[in-house]
Amino acid sequence: MSAIVLVTTTALTSDILKYLRPATSDDKVLVMTRIVGVIIIIVSAFFAIDVPQLIVPLVSVSMGVIACCVFIPLIFGLYWDRGTATGFVASLVASFGSVVLWQLFGNPLIHLYSSV
Amino acid sequence: MVIWGVFFHVAFACIAFIIAPKIWLFSQKYDAKTVPQLLERRYDSQEGKILLAVIMLLMYTVYLVAIFKGCANLFQDLLGVTYVQGLLIAVAIVALYYVIGGLPAIIWISFLQGLIMLVGAVMLYTGLISSGGGMAIWYRIPADILSMEGATVPWQKSFGIAFSISFGLLALPDLLIMLFSAKDRRVVRFAGLYGPISITIYALCIFSLGVLAHGVFSSEQLAPFMANPDGLIPFLATSLLPCQQ
Chain A
1 MSAIVLVTTT
11 ALTSDILKYL
21 RPATSDDKVL
31 VMTRIVGVII
41 IIVSAFFAID
51 VPQLIVPLVS
61 VSMGVIACCV
71 FIPLIFGLYW
81 DRGTATGFVA
91 SLVASFGSVV
101 LWQLFGNPLI
111 HLYSSV
Chain B
1 MVIWGVFFHV
11 AFACIAFIIA
21 PKIWLFSQKY
31 DAKTVPQLLE
41 RRYDSQEGKI
51 LLAVIMLLMY
61 TVYLVAIFKG
71 CANLFQDLLG
81 VTYVQGLLIA
91 VAIVALYYVI
101 GGLPAIIWIS
111 FLQGLIMLVG
121 AVMLYTGLIS
131 SGGGMAIWYR
141 IPADILSMEG
151 ATVPWQKSFG
161 IAFSISFGLL
171 ALPDLLIMLF
181 SAKDRRVVRF
191 AGLYGPISIT
201 IYALCIFSLG
211 VLAHGVFSSE
221 QLAPFMANPD
231 GLIPFLATSL
241 LPCQQ
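If you read the sequences in order, they're chains A and B. Take 1 as the starting number for the first sequence in my numbering and just add one per residue. Take 1 as the starting number for the second sequence in my numbering and just add one per residue.
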């Protein structure tokens, strides 16, 4: 669970903040990672007090989006030398879009086959 | 369906065993501490890194809400506290070792958590088999539950969920960062060997619980868990484990 807090926090501090303010020192990023981590824990717990029904489908979407967005560029990055920056961004957009569209249309193939 | 679920889990764990050393070398080569950082350096794309970081930030925050809900439910049922008190206990534990311990503590806690989950899954599985009269439990389970079509959920959906959870073993950043931090290649090989073995045992036990429960409990007793599956494990723990009897 704390590994999830850590990757969520470092996405904000090491990746986004460091991009917006490249001069930020590593020590400052480390301190911010701990503070922001606690804030994320409190915010998530606050929303967990009265969990909206929407959260249940959102959980499977969230894991699907992350796994798809990482898997394609990671595996192609390991085994294929010709991957480009444009291809990387395109794979993120396509992965995000395909998972979200699949959920929006209510898993169409599952219902099609289960009704046969 | 259980066999397919276990098959996907083990298959992806074995694939992870094959590619883990290469991912570790990849992270060392690019000196990456986070997954967006690794992919940014591999593809030379700042835009890609920011896009992936924003996606991770949003999606993982949603996921955390659901995990806290699960923890609060678990503490509520096991410790007899209120839902909010269970939530506060979860927040206090996670915040404490996150702030004090950093990444080493996170890795050790994840290891211990995995060990507890493995032992717990085996205990619940054997508890159900023993309460159901050994192998006779299979004759007590209604035919529609054992059917590939499933009683309420289409088999394609169960198949898809089993596949996607297993797929996550290869690509979820919270698992990948632990791989990045491995001391050397030997550690990666060691984890890659014992990981699939423990995952096989765990998956076989945990994926069977829902089906086996129908051989011990009535459909009326299990009805609440069709709407809220999170409650099944605490229910089985309080009903089956010796300390509660």
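In short, the hints are calculated from the structure, not lab data. Keep in mind that a hint or two might mislead.
Taking lysine to aspartate or glutamate pairs in the EDC-like style, the calculated list, with each CA pair at most 20 Å apart, reads [claimed, not checked]: (1) K22/B - D230/B; (2) K157/B - D144/B; (3) K22/B - D81/A; (4) K33/B - D50/A; (5) K29/B - D44/B; (6) K33/B - D184/B; (7) K157/B - D230/B; (8) K183/B - D31/B; (9) K29/B - D50/A; (10) K33/B - E47/B; (11) K33/B - D44/B; (12) K33/B - D27/A.
Next on the checklist: For each hint given before, does the structure comply? Return the numbers of the non-compliant ones in rising order.
Outcome noted: 1, 4 and 9
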